[in-house]
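Q: Protein sequences appear in the order of chains L and E. For the first sequence, the residue numbers in the numbering used here are 16 to 341. For the second sequence, the residue numbers in the numbering used here are 28 to 333.
Just so you know, these hints were derived from the structure itself, not from any lab. Here a beta-carbon is modelled for each residue, glycine too, at the ideal position from N, C-alpha and C. Just to be clear, a hint being listed does not mean it is correct.
Stated by the list, open to error - According to the in silico footprint, chain L covers these stretches of chain E (three or more CB under 8 Å from chain L):
#	region
1	145-156
2	229-235
3	310-322
Unchecked claim - Here's a subset of chain E near chain L, in silico, CB distances under 10 Å, partners left out:
#	residue
4	Leu131
5	Ala172
6	Leu284
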Amino acid sequence: MEAFIQPGFWILVLAMAGIYGVFSLGLQIQYGVAGVMNFGHVGMMAITGYAIAILVIRFQWSFWWAAFVGVALAALGGALLGLSTLRLSGDYFAIASIAFAEITRYWILNSDGITGGAQGTLAIPNPRGFGGYTDEPEVILTWITDRLFPYIGDNASRDLAVLLVVWPFFFLFLWISARLQKTSWARVLRATREDDDVPRSLGKNVFRFRLQALVIGSVFGGIAGAFWAVQFMLLAPEDFLRIVTFYGWMILILAGATRVKGLAIAAIFFGFLYGATRFVEFWPISLLSAPERSYLRIFLIGVVLIALMVKRPQGLFGKRQEMVLE
Amino acid sequence: MYASNEGWPVTDLIQYLFNGLVAGSIFAIAAVGISLLYSVLRLVNFAAGDFLTLGAFITYFFSVTLELNFILSIIISMLAGMAICWFLELVLWRNLRRNKAGTLALFLVATGVALMLRPIIQYIFGTETRRFNVDILKTYDFFGARIPQTQLVVLVFATISILLIALFMAKARIGKDMRAYANNPSLAAVSGINVDRVVMATWLISGALGSLAGVFQGLVQGQFNNAMGETLLLSFFAAVVLGTIGDAYGALIGGLLLGLFMELSQLDIFFGGVPSNYKPVVAFAALVLVLLFKPEGLFGYRSRKV
Chain L
16 MEAFIQPGFW ILVLAMAGIY GVFSLGLQIQ YGVAGVMNFG HVGMMAITGY AIAILVIRFQ
76 WSFWWAAFVG VALAALGGAL LGLSTLRLSG DYFAIASIAF AEITRYWILN SDGITGGAQG
136 TLAIPNPRGF GGYTDEPEVI LTWITDRLFP YIGDNASRDL AVLLVVWPFF FLFLWISARL
196 QKTSWARVLR ATREDDDVPR SLGKNVFRFR LQALVIGSVF GGIAGAFWAV QFMLLAPEDF
256 LRIVTFYGWM ILILAGATRV KGLAIAAIFF GFLYGATRFV EFWPISLLSA PERSYLRIFL
316 IGVVLIALMV KRPQGLFGKR QEMVLE
Chain E
28 MYASNEGWPV TDLIQYLFNG LVAGSIFAIA AVGISLLYSV LRLVNFAAGD FLTLGAFITY
88 FFSVTLELNF ILSIIISMLA GMAICWFLEL VLWRNLRRNK AGTLALFLVA TGVALMLRPI
148 IQYIFGTETR RFNVDILKTY DFFGARIPQT QLVVLVFATI SILLIALFMA KARIGKDMRA
208 YANNPSLAAV SGINVDRVVM ATWLISGALG SLAGVFQGLV QGQFNNAMGE TLLLSFFAAV
268 VLGTIGDAYG ALIGGLLLGL FMELSQLDIF FGGVPSNYKP VVAFAALVLV LLFKPEGLFG
328 YRSRKV
């Protein structure tokens, strides 16, 4: 149990919570505001992460421009997905969105010359002969750890620097999202969630509103992908399996689909689940091998999803009637 | 145009047609279970793929580890699939229905079941690649095409299963009840159909078909691991949507068509042939295209709200 009192563990938990918090914020705007059930959200994360890797490693772009273009591509992905399939009803769109994410992943997996294929971004053809691609953010992270080192010594880790970068952004995005929810734009969308015909009769283009929500959510998915790239420095196709979308959904449902403020707490809970089943050495987790631990994580996420939907579909902070309407 | 390194083009055609029929018949069996559940419960069963894996592994356990008769092992694994579905209906799905759970709740609970099932399979049976104790090397030559014996047997038995399912839906009392309930739940309930019984029967059928499709798929692949069903799930959805979501007969035909389409897409005349590692993408693309241009499927009416 020692691990739980080590600062390093909690720093990692919070860093992961920040990244996946931003990720699920995208779902929150899509589902919580617009009622769009996007089950292919991980595709946006993959698009941005890989776009950054390819632009930086292969084409020698600056990380910042690559991140900007990567997030723009995620938005474009959301727009393409929406323009083609968002006119479908909820369950059809959900299936189509999974197909979108899986096509993206298969393309990454099978385009060795561009994406590095199954070996991940380390295998991207690279004129510099250098595997990593985050040297520009690395300068900032090192600057942060250098400032903190005199005060907290070895606890001033890279994870802590990532945490200190990601969380201000997370809070900023939470604030933006909270503001967004109070606009008339969100009110129209909330009305469409309950009944399409009323806003339509008021002359609102329901499809366009939903598409906007999908694209804005995709931007957050893309930004999470950029953070992900900074945290782990290399990407592989199996980092973007279907399950990752459900990490985001678990956070969202835990928080309550329409509750912005709960998202941070739910994200920390997920970060704990993730960190405890991935990086920690303590009994009884230490009895399991690394793959067994990842199964344990998947199993626990399944349990949490089912328990929430059966016992408390409105989440920890949500209103029941908003969730049951559907 | 028909450039091929070995044999003449007809050989390729026969080969892919045969492969397509085999794959398609398995898709059909899996898809009909998913489609029935959707028609009766409005539930998209995200756990369907993992039920396939489970069926294959249970059959493996009884037939290879315990050295029981292969057919008997298949029957045991079908019963096990039914038992799990029965259990989940009693403790989980029935409560959700009583609470009037929405689309998202059903989605996420089905996903949750899949997420729980997968690690359990991995924990019990391990991650190693398995193969059934059958002769997978024996092949027949048919106009130059290579017809493996196991695949031929699977095709025959899958076809029989498909015919039995179709017959069951048309003639059996519970099959008719199912279709009636799917068409109009409240009317069916008023006319004396026992709703819980219909729902339970749907679950049991889908559990049994899931296991059966899993064994067939394991046989056709020759070897399988715990990711087998999961990777096929979207192809099943494609078959379901192709054959009109919620239409059991449509799912059978949709499955066959999709299997044929996926295999024939590798022929040279089809944009020079799709590489075989992109086969799943063909299914996903078919899924998206059908949703785009004919979301009501091949046999549906436009009246459905999409």
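Q: Which hints from the list above does the structure break, by number from lowest to highest?
A: Failing hints, ascending: 2, 5, 6.
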